[in-house]
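In the order they appear, the protein sequences are chains A and B. So in the working numbering, spot 408 of the first sequence is number 413, and the numbers just go up one at a time. So in the working numbering, spot 206 of the second sequence is number 212, and the numbers just go up one at a time.
Read the hints as simulated data drawn from the structure, not as lab findings. Hints are supplied without guarantee of correctness; some may be wrong.
What the hints assert, rightly or not - Derived lysine-lysine pairs resembling DSS-like cross-links, with alpha carbons at most 27 Å apart:
hint	chain 1	residue 1	chain 2	residue 2
1	B	Lys440	A	Lys296
2	A	Lys313	B	Lys420
3	A	Lys292	B	Lys406
4	A	Lys350	B	Lys443
5	A	Lys407	B	Lys344
6	A	Lys407	B	Lys303
7	B	Lys420	A	Lys405
8	A	Lys433	B	Lys338
9	A	Lys230	B	Lys443
10	A	Lys292	B	Lys443
11	A	Lys350	B	Lys404
12	B	Lys101	A	Lys313
13	B	Lys440	A	Lys350
14	A	Lys250	B	Lys443
15	B	Lys440	A	Lys292
16	A	Lys230	B	Lys404
17	A	Lys313	B	Lys336
18	B	Lys404	A	Lys292
19	A	Lys405	B	Lys302
20	A	Lys313	B	Lys144
21	B	Lys338	A	Lys421
22	A	Lys313	B	Lys406
23	A	Lys421	B	Lys344
24	B	Lys336	A	Lys421
25	A	Lys407	B	Lys404
26	A	Lys405	B	Lys338
What the hints assert, rightly or not - One side of the interface only, derived from the structure: several residues of chain A facing chain B at Cβ under 10 Å:
hint	residue
27	Ser60
28	Ala304
29	Ala311
30	Lys313
31	Glu357
32	Thr363
Beta carbons: idealized from backbone N, C-alpha and C, even for Gly.
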Amino acid sequence: MHTYHRRNLRLAPALLLLLRLMGITSAQTPKPNVTFEEVPASKSGITWVHNNAHSADRYLPETVGAGCAFLDYDNDGWMDIYLVNSGPSDFFAPNAPLRNALYHNNHDGTFTNVTDKAGVAGGTFGMGVAAGDYDGDGWVDLYVTSYGRNILYHNNGNGTFADVTDKAGVSAPGWSTCAVWFDYDNDGKLDLFVSSFVAYEKSLNILCTDEGMSRRYYCVPRLFKPRPSHLFHNDGNGKFTDVSKESGIADSPGKSFGAVATDVDNDGLMDLFVANDTMPNFLFINKGNGKFEEVGLAAGVAYSDAGKPRSGMGVDAADYDGDGWQDLFVANIDREVFSLYHNQKDLIFTDEPGEIGTATQMLSGWGLRFFDYDNDGDPDLFLVNGHPDDFIEMRTNRVKYKEPLLMFENTGRAFKNVSAQSGAAFSKEFSGRGMATGDFDNDGDLDVLISNNGEAPLLLHNEGGNKNNWLGLQLVATKSNPAAVGATITWQAGGMKRSRLKTAGGSYLSSHDPREILGLGAAKKIDYVEIRWPSGKIEKLTNLPINTYLKVIEGEGIAKSGASPAK
Amino acid sequence: MIIFSDRTAGSPTVREGLSRQMPFLTVGLLTLLLTASFVPAQTNNLQARLENAATLIRENRIAEAEQQLNTILRTTPNEATALNLLGAIRAQQGKLNEAESLLTRAAKIDPTFVPVHMNLAFLYVLKKVPEKTISELKEVIKLEPNNIEANYKLARLLLSRGQTDESIVVIEKANLSSPASVIFLTLLGDAYFKKGNADKAAENYLLALAAHKDNPDAMMGLAKVSQSRGDTRTALAYLSQAKDVAGNAPEVLYGIGVTALGLGIFDEALSDLEQAVKLKPDEPAYLIALGAAWLKKPDLFAGEQSFRRALQLQPDNAQAQMYLGYVLYKQKKFSEAKPYLEKTIKADSKLPEPFYYLGLILQEENEDEQAVTFLEKAIALSASFANAHVALGASYLKLKDYVRAQRELELGAKLNPDDSKAHYQLAVLYARLKDPKRAQAEMEIVERLKTIDQQIREGDTFVISPNPR
Numbered sequence: 006m007h008t009y010h011r012r013n014l015r016l017a018p019a020l021l022l023l024l025r026l027m028g029i030t031s032a033q034t035p036k037p038n039v040t041f042e043e044v045p046a047s048k049s050g051i052t053w054v055h056n057n058a059h060s061a062d063r064y065l066p067e068t069v070g071a072g073c074a075f076l077d078y079d080n081d082g083w084m085d086i087y088l089v090n091s092g093p094s095d096f097f098a099p100n101a102p103l104r105n106a107l108y109h110n111n112h113d114g115t116f117t118n119v120t121d122k123a124g125v126a127g128g129t130f131g132m133g134v135a136a137g138d139y140d141g142d143g144w145v146d147l148y149v150t151s152y153g154r155n156i157l158y159h160n161n162g163n164g165t166f167a168d169v170t171d172k173a174g175v176s177a178p179g180w181s182t183c184a185v186w187f188d189y190d191n192d193g194k195l196d197l198f199v200s201s202f203v204a205y206e207k208s209l210n211i212l213c214t215d216e217g218m219s220r221r222y223y224c225v226p227r228l229f230k231p232r233p234s235h236l237f238h239n240d241g242n243g244k245f246t247d248v249s250k251e252s253g254i255a256d257s258p259g260k261s262f263g264a265v266a267t268d269v270d271n272d273g274l275m276d277l278f279v280a281n282d283t284m285p286n287f288l289f290i291n292k293g294n295g296k297f298e299e300v301g302l303a304a305g306v307a308y309s310d311a312g313k314p315r316s317g318m319g320v321d322a323a324d325y326d327g328d329g330w331q332d333l334f335v336a337n338i339d340r341e342v343f344s345l346y347h348n349q350k351d352l353i354f355t356d357e358p359g360e361i362g363t364a365t366q367m368l369s370g371w372g373l374r375f376f377d378y379d380n381d382g383d384p385d386l387f388l389v390n391g392h393p394d395d396f397i398e399m400r401t402n403r404v405k406y407k408e409p410l411l412m413f414e415n416t417g418r419a420f421k422n423v424s425a426q427s428g429a430a431f432s433k434e435f436s437g438r439g440m441a442t443g444d445f446d447n448d449g450d451l452d453v454l455i456s457n458n459g460e461a462p463l464l465l466h467n468e469g470g471n472k473n474n475w476l477g478l479q480l481v482a483t484k485s486n487p488a489a490v491g492a493t494i495t496w497q498a499g500g501m502k503r504s505r506l507k508t509a510g511g512s513y514l515s516s517h518d519p520r521e522i523l524g525l526g527a528a529k530k531i532d533y534v535e536i537r538w539p540s541g542k543i544e545k546l547t548n549l550p551i552n553t554y555l556k557v558i559e560g561e562g563i564a565k566s567g568a569s570p571a572k
Numbered sequence: 007m008i009i010f011s012d013r014t015a016g017s018p019t020v021r022e023g024l025s026r027q028m029p030f031l032t033v034g035l036l037t038l039l040l041t042a043s044f045v046p047a048q049t050n051n052l053q054a055r056l057e058n059a060a061t062l063i064r065e066n067r068i069a070e071a072e073q074q075l076n077t078i079l080r081t082t083p084n085e086a087t088a089l090n091l092l093g094a095i096r097a098q099q100g101k102l103n104e105a106e107s108l109l110t111r112a113a114k115i116d117p118t119f120v121p122v123h124m125n126l127a128f129l130y131v132l133k134k135v136p137e138k139t140i141s142e143l144k145e146v147i148k149l150e151p152n153n154i155e156a157n158y159k160l161a162r163l164l165l166s167r168g169q170t171d172e173s174i175v176v177i178e179k180a181n182l183s184s185p186a187s188v189i190f191l192t193l194l195g196d197a198y199f200k201k202g203n204a205d206k207a208a209e210n211y212l213l214a215l216a217a218h219k220d221n222p223d224a225m226m227g228l229a230k231v232s233q234s235r236g237d238t239r240t241a242l243a244y245l246s247q248a249k250d251v252a253g254n255a256p257e258v259l260y261g262i263g264v265t266a267l268g269l270g271i272f273d274e275a276l277s278d279l280e281q282a283v284k285l286k287p288d289e290p291a292y293l294i295a296l297g298a299a300w301l302k303k304p305d306l307f308a309g310e311q312s313f314r315r316a317l318q319l320q321p322d323n324a325q326a327q328m329y330l331g332y333v334l335y336k337q338k339k340f341s342e343a344k345p346y347l348e349k350t351i352k353a354d355s356k357l358p359e360p361f362y363y364l365g366l367i368l369q370e371e372n373e374d375e376q377a378v379t380f381l382e383k384a385i386a387l388s389a390s391f392a393n394a395h396v397a398l399g400a401s402y403l404k405l406k407d408y409v410r411a412q413r414e415l416e417l418g419a420k421l422n423p424d425d426s427k428a429h430y431q432l433a434v435l436y437a438r439l440k441d442p443k444r445a446q447a448e449m450e451i452v453e454r455l456k457t458i459d460q461q462i463r464e465g466d467t468f469v470i471s472p473n474p475r
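Please work from the sequences and hints to get the whole structure.
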């Protein structure tokens with residue numbers, strides 16, 4: 006026995022050394038491998054298909070695709086899905102009625118189409134969707150943008166919606182693309198920003214062809230005039246005032262796509278980063294008096310390094326390096342490279358794409374999102390790609406119409422391309438456009454929904470993200486805006502402290518699961534969660550469970566009745 | 007020696023630069039031939055042994071030749087011809103310092119011995135000391151004013167170093183002694199073209215053609231003149247004529263390709279250089295020029311392959327290393343690019359380009375403080391390197407050193423007013439300095455330059471508006 010003990014003593018240090026060399030100690034566990042697996046329509050029940058009104062005349066709206074959303078329209082704690090379709094317009098008369106689609110989550114991995122019952126079929130040439138409880142009645146509403154008439158659907162709370170666009174005063178005529186619900190004046194109500202794309206109508210469609218006039222291509226947006234975007238102030242009582250001029254937003258006409266509301270200067274006021282196609286991007290800084298100042302040029306986020314405006318489409322914002330300052334991302338078209346703008350403070354950004362730059366050189370990016378796919382606490386990055394022109398392969402053999410998805414893992418200060426290890430879907434190619442994130446099965450990791458142009462959507466289930474521990478929060482504001490946009494959540498677990506700003510919008514034409522999943526890595530206990538609400542209230546929560554969803558009510562702490570049922 | 011240089015100051019063409027590095031053995035042989043004519047009175051035995059050594063060298067029996075020459079020098083250590091021959095051998099063997107020692111000894115012993123001055127001239131080319139090459143060639147001309155080769159080489163070297171007026175003086179003096187000499191007329195055309203006098207250049211090229219109608223160099227010169235006058239059609243016609251004359255001569259095809267490259271006629275350049283490489287696949291200079299042509303297409307991958315092949319043939323080729331480093335940088339393969347650029351610096355620390363590209367890589371890696379060091383070095387080597395000033399300004403801008411940023415960017419824009427990046431960075435700077443008017447003015451310049459650029463580049467779709475109602 007004595008000998009056995011002495012032998013063990015000799016072995017133990019050696020074994021420990023070996024383990025250390027292998028990078029494994031008792032404090033660490035192997036990193037989970039996370040993949041995204043396709044959920045086929047036969048399993049999900051999502052049989053709806055996008056129609057992009059493809060024609061030989063090649064009208065520009067045919068190229069830009071549409072958006073999608075995860076939202077809980079019936080407050081049952083499960084994410085439902087909304088998909089936007091094209092429809093009648095001045096250049097398109099579909100043979101059969103085209104509809105947007107609202108799919109109810111059946112809680113078992115399947116969905117049921119409830120569009121007609123809900124009354125949200127659309128009926129315009131739909132573009133994007135933004136979900137937000139604009140009237141604070143506890144039921145999430147929908148704003149659908151269009152080439153044509155935008156629609157504000159008020160959620161009646163009984164599974165149905167009503168078109169209240171005109172009554173609310175948020176029609177924003179012309180070609181609208183992305184919309185963002187956010188509270189720019191911190192009055193506790195969700196205001197609405199709507200991106201405007203180019204001045205376009207059927208009569209303005211010009212022939213864009215090649216030297217031999219052998220075929221017609223989609224025209225580049227550069228050929229059309231810009232238009233100012235819209236900012237609508239939520240006056241309460243279901244009405245809005247168009248403050249585009251007063252706020253200064255209308256001083257900067259653009260050809261705008263993606264928009265995200267975030268706070269880039271940490272002054273407690275939500276700013277806007279807006280991507281423009283063939284024009285400089287906009288960074289609208291909220292000055293706090295109902296005014297915005299556009300500072301894209303000085304900030305270094307407007308143009309490429311050579312001073313060229315690029316074809317900005319999808320955007321997002323997050324503090325990817327954990328330095329407490331919000332960084333920005335914009336996806337561009339092929340040969341323009343996507344930009345990861347690192348916030349240097351003082352409203353200055355430097356473009357540091359790293360591996361993302363190399364991987365995206367020949368790609369065109371649309372939907373995209375910073376989210377913690379593996380629950381290790383860092384925001385990672387998912388990109389959805391596809392070239393706008395389906396004839397591109399006839400002009401060059403270096404760019405394809407359908408393009409692969411990309412997944413980048415956050416390594417702390419940069420991103421690593423992990424697409425090859427992220428599932429079979431990453432070896433396929435899509436005409437990807439809108440993209441939303443949401444935990445549709447409530448298993449604690451974020452799934453992805455992609456709207457493909459002229460094709461069926463793609464639902465990807467996250468497998469492996471919840472192998473790390475997590476805590477899901479549903480923030481319910483009482484004084485702050487209903488979506489708690491602008492809240493800062495700080496959490497500490499396992500010696501790791503993280504912080505996240507609740508942004509609004511982001512991606513492309515799409516809207517996301519409003520809950521926040523806090524990644525804890527391997528930590529088995531969460532030390533605390535601190536929420537700084539937009540109203541200014543700070544709440545610190547301790548003794549929290551993990552691997553579950555909690556509802557947190559502003560000023561009251563954790564709700565007694567649970568939030569979303571966790572799987 | 008850089009074709010595709012970002013420097014705004016004119017750079018020597020590859021044709022000029024590479025032709026400076028004549029194979030030494032050829033020179034050596036030439037020297038041997040000259041030596042045979044100019045050997046001062048020798049004993050028959052010594053002369054026979056020297057001639058024997060020369061024969062052995064010609065037959066590439068170097069070891070035996072060395073033995074022969076060493077034997078001669080043991081008994082007659084101050085035998086200039088033997089020292090000259092042995093010096094030539096050492097140079098061919100790459101033992102440049104030893105070669106210099108032998109040749110300078112020979113020159114000291116017999117300062118009027120022309121071949122040794124010629125050999126020293128070429129040795130200093132290999133040692134990259136052009137000032138000494140110039141000095142030696144001038145010495146030859148002093149001794150033999152009608153020495154065609156010396157006059158020609160001197161004129162070309164002066165031209166390549168930007169000493170254009172001096173070059174013209176040499177040519178015109180030499181031309182006087184050999185009227186209607188085709189090569190001098192062509193070179194004079196080159197010199198006047200470099201001076202910016204297209205009319206005088208054309209005059210001399212035409213005279214050269216009149217003297218010898220199948221002169222591809224004169225045709226290429228006329229192509230350059232035509233292109234400078236905006237007449238690409240005529241330029242192409244001259245290049246086509248040069249190609250007809252060239253037949254399957256790879257060196258001429260190479261020259262035409264390089265000319266076309268310099269004229270911006272990239273498809274022509276690619277075609278000629280591909281042909282040259284096909285005919286002579288083991289010539290690093292051709293592969294480098296072809297790679298440069300691919301870069302202009304742009305096909306970075308094809309360019310990379312060409313440079314890699316050149317390096318396989320000649321691992322120490324500094325130009326190929328630099329180009330490969332550049333093309334890897336452009337593909338954002340920074341860790342691969344750096345060693346090649348560093349090797350280039352080791353081979354020639356007077357080239358500003360590798361410092362510049364290393365600076366750019368460090369910028370991309372957000373190591374702007376280090377980038378500043380490299381970019382300043384590039385500028386120290388070439389004060390008129392506009393792009394380096396702009397890059398340095400951009401780094402200072404990132405480092406928030408606005409005073410220095412302004413200085414460098416304004417200088418960069420002055421040196422190259424058509425650089426949109428300089429104007430853009432200035433726009434950002436002025437915007438940050440809260441000078442929106444100046445920022446706007448700079449962006450208007452960027453917009454104007456972009457429009458011109460787009461009209462040149464984006465030719466693959468045309469817009470046709472519908473008929474007005």
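Now for the hints, and whether the structure bears them out:
no., hint, in the structure
1, B:Lys440 / A:Lys296, "holds, 18 Å"
2, A:Lys313 / B:Lys420, "holds, 20 Å"
3, A:Lys292 / B:Lys406, "holds, 23 Å"
4, A:Lys350 / B:Lys443, "holds, 24 Å"
5, A:Lys407 / B:Lys344, "violated, 35 Å"
6, A:Lys407 / B:Lys303, "holds, 25 Å"
7, B:Lys420 / A:Lys405, "violated, 41 Å"
8, A:Lys433 / B:Lys338, "holds, 25 Å"
9, A:Lys230 / B:Lys443, "holds, 24 Å"
10, A:Lys292 / B:Lys443, "holds, 21 Å"
11, A:Lys350 / B:Lys404, "holds, 12 Å"
12, B:Lys101 / A:Lys313, "violated, 52 Å"
13, B:Lys440 / A:Lys350, "holds, 17 Å"
14, A:Lys250 / B:Lys443, "holds, 22 Å"
15, B:Lys440 / A:Lys292, "holds, 16 Å"
16, A:Lys230 / B:Lys404, "violated, 33 Å"
17, A:Lys313 / B:Lys336, "holds, 18 Å"
18, B:Lys404 / A:Lys292, "holds, 25 Å"
19, A:Lys405 / B:Lys302, "holds, 23 Å"
20, A:Lys313 / B:Lys144, "violated, 52 Å"
21, B:Lys338 / A:Lys421, "holds, 15 Å"
22, A:Lys313 / B:Lys406, "holds, 22 Å"
23, A:Lys421 / B:Lys344, "holds, 21 Å"
24, B:Lys336 / A:Lys421, "holds, 20 Å"
25, A:Lys407 / B:Lys404, "violated, 37 Å"
26, A:Lys405 / B:Lys338, "holds, 21 Å"
27, Ser60, "violated, 16 Å"
28, Ala304, "holds, 8 Å"
29, Ala311, "holds, 5 Å"
30, Lys313, "holds, 6 Å"
31, Glu357, "holds, 6 Å"
32, Thr363, "holds, 5 Å"
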